[in-house]
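*Asks:* Listed below, chain by chain, are the residues.
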Amino acid sequence: SQQGEEDPQALSIQEGENATMNCSYKTSINNLQWYRQNSGRGLVHLILIRSNEREKHSGRLRVTLDTSKKSSSLLITASRAADTASYFCATDVQYNTDKLIFGTGTRLQVFP
Amino acid sequence: NAGVTQTPKFQVLKTGQSMTLQCAQDMNHNSMYWYRQDPGMGLRLIYYSASEGTTDKGEVPNGYNVSRLNKREFSLRLESAAPSQTSVYFCASSARQGPFVHTFGSGTRLTVV
Chain A
42 SQQGEEDPQA LSIQEGENAT MNCSYKTSIN NLQWYRQNSG RGLVHLILIR
92 SNEREKHSGR LRVTLDTSKK SSSLLITASR AADTASYFCA TDVQYNTDKL
142 IFGTGTRLQV FP
Chain B
2 NAGVTQTPKF QVLKTGQSMT LQCAQDMNHN SMYWYRQDPG MGLRLIYYSA
52 SEGTTDKGEV PNGYNVSRLN KREFSLRLES AAPSQTSVYF CASSARQGPF
102 VHTFGSGTRL TVV
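Protein chains in written order, with the working numbering: chain A, 42 to 153; chain B, 2 to 114.
Any given hint could be a false lead.
What the hints assert, rightly or not - Cut-off 25 Å, straight-line C-alpha distance, at most; resulting in silico cross-link-like pairs (DSS-like, lysine-lysine):
#1 Lys58(B) x Lys67(A)
#2 Lys140(A) x Lys110(A)
#3 Lys140(A) x Lys58(B)
#4 Lys97(A) x Lys67(A)
#5 Lys72(B) x Lys140(A)
#6 Lys110(A) x Lys97(A)
#7 Lys15(B) x Lys72(B)
#8 Lys140(A) x Lys97(A)
No wet-lab data here; the hints were simulated from the structure.
All chains should be modelled from the sequences, with the hints used to inform the complete structure.
*Replies:* Structural data, given as structure tokens:
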């Protein structure tokens, strides 16, 4: 079963707007990661946040983590058409750290 | 460029045929993974190998076998393909210790008719 569930499943915005997508997970984690997938390509790692961190920034990306709610959000500021892609969260599982579990993804469409 | 290389990129099989998907990484990673991606399902782990010489089942291992040939290579075999195995397959690798940041290959799009 999926550990992570992204919300919304799909999001359409105009260039320049901010895009926010959310991830919820079920069990305690050590780390949460966000990946991006362009159509027809493999996933690319964007950013990692550890369970003892609440917020992290990387360029136009801002990730928050609320371990009490078992949720994370990814904010992309000043979106560009090139940000059009699917975004996935991935978690490891505390005490079972051999692998990641991926969510179902949010499909982001940014219109020029 | 360093990374994960998958072959082939596309494949059409008839039901009952067999094939092997190849994956190689040149990042000196210990851990390697095979996922399948279906619409609306995200990525589901088929098998993984935490280190050379070991393999373990993931979430959806039925109908697949794997071989960790050496540290660089991890292959996925379909012995008797079924239409339910139509999917996009991704290989990935990561360091052995957490947080297991994955580097992915570009995928194999497999259709079983």
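*Asks:* Does each hint hold? Answer for all of them.
*Replies:* Checked hints:
no., hint, verdict
1, Lys58(B) x Lys67(A), "21 Å, holds"
2, Lys140(A) x Lys110(A), "22 Å, holds"
3, Lys140(A) x Lys58(B), "11 Å, holds"
4, Lys97(A) x Lys67(A), "21 Å, holds"
5, Lys72(B) x Lys140(A), "17 Å, holds"
6, Lys110(A) x Lys97(A), "17 Å, holds"
7, Lys15(B) x Lys72(B), "32 Å, violated"
8, Lys140(A) x Lys97(A), "23 Å, holds"
In summary, the structure is inconsistent with hint 7 from the numbered list given earlier, while agreeing with all the others.
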